[in-house]
Each structure stands twice: as structure tokens, then as C-alpha cells.
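K.L.:
Spelled out, the chains give:
Number of protein chains: 2
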Amino acid sequence: MKRAQIFRLEHYLMRLMELKIRGAAYATSDALADAVGVSGSRVRQDMMALQAVGKPHSGYSVDELEIRIRDALDLYRPKGMAIVGCGNLGHALANAGIWERAGFTVRAAFDVDPAKVGQSLVGVTIRHLDELPGALADEPCVAACLTVPTEVAQTVANLLVDAGVKGIWNFASVDVKAPMHVVIENQRLEFGLMTLSYLLKLHRPPKTPPSGG
Amino acid sequence: MKRAQIFRLEHYLMRLMELKIRGAAYATSDALADAVGVSGSRVRQDMMALQAVGKPHSGYSVDELEIRIRDALDLYRPKGMAIVGCGNLGHALANAGIWERAGFTVRAAFDVDPAKVGQSLVGVTIRHLDELPGALADEPCVAACLTVPTEVAQTVANLLVDAGVKGIWNFASVDVKAPMHVVIENQRLEFGLMTLSYLLKLHRPPKTPPSGG
DNA sequence: GGGCATTTGTTAACTTCTTCACAATTTTAG
DNA sequence: CTAAAATTGTGAAGAAGTTAACAAATGCCC
Numbered sequence: 212m213k214r215a216q217i218f219r220l221e222h223y224l225m226r227l228m229e230l231k232i233r234g235a236a237y238a239t240s241d242a243l244a245d246a247v248g249v250s251g252s253r254v255r256q257d258m259m260a261l262q263a264v265g266k267p268h269s270g271y272s273v274d275e276l277e278i279r280i281r282d283a284l285d286l287y288r289p290k291g292m293a294i295v296g297c298g299n300l301g302h303a304l305a306n307a308g309i310w311e312r313a314g315f316t317v318r319a320a321f322d323v324d325p326a327k328v329g330q331s332l333v334g335v336t337i338r339h340l341d342e343l344p345g346a347l348a349d350e351p352c353v354a355a356c357l358t359v360p361t362e363v364a365q366t367v368a369n370l371l372v373d374a375g376v377k378g379i380w381n382f383a384s385v386d387v388k389a390p391m392h393v394v395i396e397n398q399r400l401e402f403g404l405m406t407l408s409y410l411l412k413l414h415r416p417p418k419t420p421p422s423g424g
Numbered sequence: 212m213k214r215a216q217i218f219r220l221e222h223y224l225m226r227l228m229e230l231k232i233r234g235a236a237y238a239t240s241d242a243l244a245d246a247v248g249v250s251g252s253r254v255r256q257d258m259m260a261l262q263a264v265g266k267p268h269s270g271y272s273v274d275e276l277e278i279r280i281r282d283a284l285d286l287y288r289p290k291g292m293a294i295v296g297c298g299n300l301g302h303a304l305a306n307a308g309i310w311e312r313a314g315f316t317v318r319a320a321f322d323v324d325p326a327k328v329g330q331s332l333v334g335v336t337i338r339h340l341d342e343l344p345g346a347l348a349d350e351p352c353v354a355a356c357l358t359v360p361t362e363v364a365q366t367v368a369n370l371l372v373d374a375g376v377k378g379i380w381n382f383a384s385v386d387v388k389a390p391m392h393v394v395i396e397n398q399r400l401e402f403g404l405m406t407l408s409y410l411l412k413l414h415r416p417p418k419t420p421p422s423g424g
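Chains A and B are the protein sequences, given in the same order. First residue of the first sequence? That's 212 in the working numbering, and the numbers climb one at a time after it. First residue of the second sequence? That's 212 in the working numbering, and the numbers climb one at a time after it.
Just so you know, the hints here were simulated from the structure itself, not pulled from any lab data. Owing to the predicted nature of the structure, the values given are computational and were not obtained by experimental measurement. There's no promise every hint is true.
All copies of an identical chain are treated as equivalent in the list; a pair is satisfied when it fits inside any one copy or across any two copies.
[Claimed, not checked] Below, in silico cross-link-like pairs of lysine to aspartate or glutamate (EDC-like), each with a Cα-Cα straight-line distance of 20 Å or less:
hint, residue 1, residue 2
1, K213, E401
2, K412, E229
3, K231, D282
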């Protein structure tokens, strides 16, 4: 599955949750299409890929579709997550309530700040980064959330790879390198900001030219 | 310009900064291509769109290219930003050092928590959300960073639209609606997490089937 | 129950994006 | 100065993704 399709599935899922709240039992392809900005035709093709069958005149079962998408994204499998870097961003993410919905549980947290070590973050005790190798053996975490300063991101990423982590959700503004068997998902916050900058320029009402006004 | 191209430009820019640090004066199309995962040919087509001319046998001038990309994304224009919601995420973003690079300056900050009102965030005083309409008239902010709980995101977004904001960088897990002339850039953190979940599944060593082993 | 409106499943056409290929250009080496 | 190597600029081929279109199925209304 390519990234564009994953992205669409995530949007469908979001829309499904909205529909569920509204009490809908079925979702039409056009309703899902609207959540992403593609045609209903495209959605139906995605549904075929998921082997979801819809009812003519009704659409796709919201519940069944939710299961299929979550399954395709492997959201049901329980997965351990380590939070590495417990600054504001680490805290914000830890408490954001996003983990459970994706099957993750925060099982460990690390920082280098002695003032933070020993404190609790979403129920786990923050340990010093030096303890990471042993600690991750005790509390297996398939992935880690890397929220450390950009300067040390690569160094800490190496630590994580050595500790056996299989995926890194990277918030640093740098491409961290890792062996091929480790997945890196970069969450480039500054890219969002730059995109906003461009979109603002696009939407700015065109300047009235000096002549001809 | 489409989103995919914007995304590539952002990656080129990142790579250019790396090259700059290493003291390189020229960047070849293949070097830039490597930062995104496309062919050098695709890069050269992007360069044409930017009207950047390269030197055969050398590549593109790092400095000139940086200017062209930053200009295309409108990163040079000074833009005011309001931070709405000064929890951990708001704090983290405010202090992340990402604003200046995209031409933004944090000019205002708001929260509903009386304990936070009056405190300082990256040099600006946090005000109560009720003051938002008037405050944004004083300190013009073309955009706002929406880091409030998901439940109130739409309500606060409406406030921002009424206050004349032209763009919203939305961190809530919901699609906020706004008039067409207001740009919404959704930073869906949970999508990143779901994508990671899928990638982990993909990379998991395939189970040895029970038979034939 | 019959007819009509709605929606899926699926193939084909269309559009967009990406890479390929190669002449033209510049640098480097001897 | 000449030849070889590297790299751009660009048109065409190829791949991938998207929409269009329509038969088949289903539900709804009277």
C-alpha cells in the first residue's frame, strides 16, 4: 500500500468516527470521498482493495469498514511505545489521547534532565536516558517517540536502534538515519508551517495593479 | 503549485541547509533528489518551475536556490502568528524555534486558564481567550496556531475567523470548518502514528508459515 | 407489487506525475 | 589544447493515479 492510500484510509476512518457519533450505520462512497477530496469512484476502488462490500442504495457498513481499515493499518495489535524526551512536546503528546486509538501504549519515558527523572508521565516513571538500553529490555517497546532537541536526535536514535526499537516517530527537524529494518516516520512540524505560509500567499487577494485600477 | 511539489521544495530546502553547513556551494539534482526519493530528472523539472538555472558539471547554486525556494513559499514575508491554547503543545511549539525560519513571529498568545493568563510565552503575555477579538486588532496576526482541546477547536476557530485571521494551523483531531478565504492546514498528529503502525506491520519479518518450514 | 431513485462494482478513458534518454555545456586532467 | 567525465535542460515514453460511465443490485414510495 502506498502512502497516498494510507492517507486516504486515515481520512476515511476519521469520517467514519464522525458518522458513528451521528448514529449512521452506513457510509456512502461520496460521503467518504468528501473527507479526502477525491471522487466516489476512487473511494470504491479503495474499498475493493480492502475487500469491503457495500450495499447498493445504502453504502458501506460503518462498523465493518472501521474494522477493515483499522485492521489494514494494524491499529488493533497492541504495541509498546517509549517517549524519549519529556519536554513540553513529549508531555503534550503523551497526554494527547492519541495512543490508544492506534493501538499504542506508552510503556516507558526517558529524559536527561535530573529534575524530570523520577516523575510520572501518563502513569510511567521517567527514567534517565542512560537507563534506556536495559529499560527497553524490561518493557518491550516496538517504537519510540523521539522528542529530543534536534542536535542530539541522531545520537538518541542510534541508542534506540541498538535497544531494538523497530520504529521511530521523529519530531526533530532532521532526517535521522537508521538501518533499513527500522522504520522512521518523520513528523516535520516546520513543513506544515511552511506549507501554511505558501497557502497564505496563494489566498492573498491579488494586489490591485498600479495601472488600470 | 500542488501539495506534492510544495512538499518536495520543503525537502530540497532542508537538504540545502545541510549542504550549506557542510560548506557546499553547489547542489546537484541527484543530491537534492536523494532528499525526497525522486529522480534527478524530477528535481530538474522543479528547478525549471522555479526558474533556477544550474551549471553543467556543478549543479545549482545553494544560496540562489535557497532564496528561490524560500521566495516561492513566501517565507521571507514577515507574518504574525497567534498561539491559541498554551498547554504543553502550545508551549512546545512556541519554543521550538521553527517560526523564524518560516517568516513567522509569535505576536500573541491566548488561553482560558486563569493560572496561565498573565504569564509570558516566548516574550508575549498570555491573555484570556475572551480578549482575542480586540487583541488581534492591536497585534495583527495573519495566522493562528490552534492547540486547544479537540472539543472546543471549532468554537475557537470561529472566534479566530471572526477576528480576521487568514490561516489556521490546526492541531486538533477534527476538521475545523472555515470560510473559503481562510486557509486551514491540518497537522494530524494521530495520522503520523497510524502510518507508523502500518509501516511497522509492513516491516515485520513475515511469519514463517506453519506448513512447509 | 411495480416503477423509480440511489448506490455499488468495474472497466475504460483520461490526466497527471515520473522516469528515461540524450544533446548541449562546462569543468577537469594530462 | 584536447579528450574525458559530469551535469544540466528538455521532449518523449512510461507508469500511476483519478475520474467517468454504466450495468447490476437494492431500497423506497405509492
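K.L.:
All the hints need checking, so say for each whether the structure fits it.
P.N.:
Status of the hints after comparison with the structure:
1. K213 <-> E401: between (24 Å within a copy, 18 Å between copies)
2. K412 <-> E229: Classified as neither; 32 Å inside a copy, 26 Å across copies.
3. K231 <-> D282: within (18 Å within a copy, 44 Å between copies)
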